[in-house]
Structure formats: C-alpha cells, structure tokens
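Participant: The chain contents come next:
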Amino acid sequence: MPQFVLVLHRDPSILAKFSPEQMQTALEKYVAWTKKPFTVAATRLTPDVGKVMRNGGKNITDGPYSETKEVFGGLYVIEASDFNQAVERAKDHPHLEYGGTIEVRQVHQM
Amino acid sequence: MPHFMLLMHEDHSRMARMSPEEMQKAVEKYMAWGRKPFMVEGRRLAGDPGKVIREGGRRVSDGPYSETKEVFGGYFTIEARDYDEAVRLSMDHPHLEYGGTIEVRQLFQM
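Residue numbers (my numbering), protein chains in the order written: chain B, 1 to 110; chain G, 1001 to 1110.
Same shape as in the complex, but just chain B (with noise of 0.2 angstroms):
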C-alpha cells in the first residue's frame, strides 16, 4: 500500500488565542487522530522556530524557514490506495477544523 506523509502547516497566532481548556480539547482530538486504523506515524513539532541551513552548512540561521505566516506544525505519515483516498482521509483531521492547511505528499517507495 503507497504511503501519503500529511504535512500540517498553521498559524501560530490562532494557537496563541486558545484557552487552557481549549488546548487540551484540540490536543485530545489530534491525539485521537493518530489511532486511526491507516495511520503509520505521527510526529508532533515543538512551537520554536527552529535552525535553517543553506549554502553548504555555511549559513545557520534561527527559522523560520519561509516567510509564509503558516509553519510547520507536524506530519503524520498515512497508508492510501492514492491521493484521491489520502485526501479523503485526511479531509476529517482536526487541523481543518481549527483553520490549519494540510500538504499531502506521496512517499518514494523505494
């Protein structure tokens, strides 16, 4: 079965107005996510910037890497047929809901 990676980018500005209790409730349902029967992986980022690397290792900056207002947020790692299917599953993902864009991107099989 051919694997989709569903890369989540989000604003961290609609992050940063949620309350405690809604937090944990977003939190609860991503988690709940991850148990779905097609999910191989799943891989939560910390909300730093991060490092970015170029030019051969001889440019290291503080992120983030583009300049785009949405940053890499996390990235699950799905099982689909094809991107028809990978869209289909990833169109119920709580990170729609709270207003996050979601890459699909197929895997090499190499």
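Just so you know, these hints were derived from the structure itself, not from any lab. C-beta atoms are modelled at their ideal positions from N, C-alpha and C, and glycine is treated no differently.
Label-pair ranges, simulated between beta-carbon atoms: (1) P37/B / K1029/G: 35 to 45 angstroms; (2) T25/B / S1019/G: 48 to 58 angstroms; (3) V40/B / A1032/G: 22 to 32 angstroms; (4) K1036/G / E21/B: 38 to 48 angstroms; (5) I60/B / M1015/G: 17 to 27 angstroms; (6) M1/B / R1088/G: 33 to 43 angstroms; (7) H1012/G / F38/B: 23 to 33 angstroms; (8) L15/B / D1011/G: 25 to 35 angstroms.
A few chain G positions that, by computed beta-carbon distances, are all more than 12 angstroms from chain B: (9) M1001; (10) A1016; (11) E1022; (12) K1036; (13) F1038; (14) R1081.
Chain B is fixed; fit chain G onto it per the hints.
Facilitator: Using the frame of chain B, we list chain G on its own:
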C-alpha cells in the same frame, strides 16, 4: 534523548539537470547518511507536487504548498541533545552539498 526532524527543502530544477549517474551517486550518499547511528527514521517524498487541503477541507488544490521555488523533498528524524548538536550532526549531510536547505525542528515529546 530529544528527537529532531531535518526537513529537506530542495530546488527541483537543480535535480532535473543531473545525469542518471550523478543522480544514482546522490541517492547512494543520502542512503549512506541514513545509516548513521543517531538516525531514527527517514522518508523521501515522490517528485510530484502533491495536494493541498485548505479552508476546513472545502478547498483542495494541486501543490506545491508554498510559492517559494524550493519544495519539501523528504525528512530524517535524528537523536541529539539539543539544537547545537542536531545542527553539528547535520553539517555533513549530502543535501547541503547538493545545494539544498535543511530546516531543523525539535519534536514535541509526548
């Protein structure tokens, strides 16, 4: 030990100019790096631009996600004590030699 994700951003036009032999050599270098002792896992994404799901799932378009010329090409998860060590361990990654950018992000420990 904390985990860090190395996000490989790359310019596809550079890869398109490589000969099959150069490409084969590059793949071998990436795979060799993937066998380092601090490696947790890694995945390479297929070359197509993928799909992007926005606005609560009402909008599904072809990728790429961002308007920068670089696309997200794959990732490695490694173990490191902190950002300094994660960056140091990544300095000899072949992705840098091939002109790519590495975004280093810490994983949330659940």
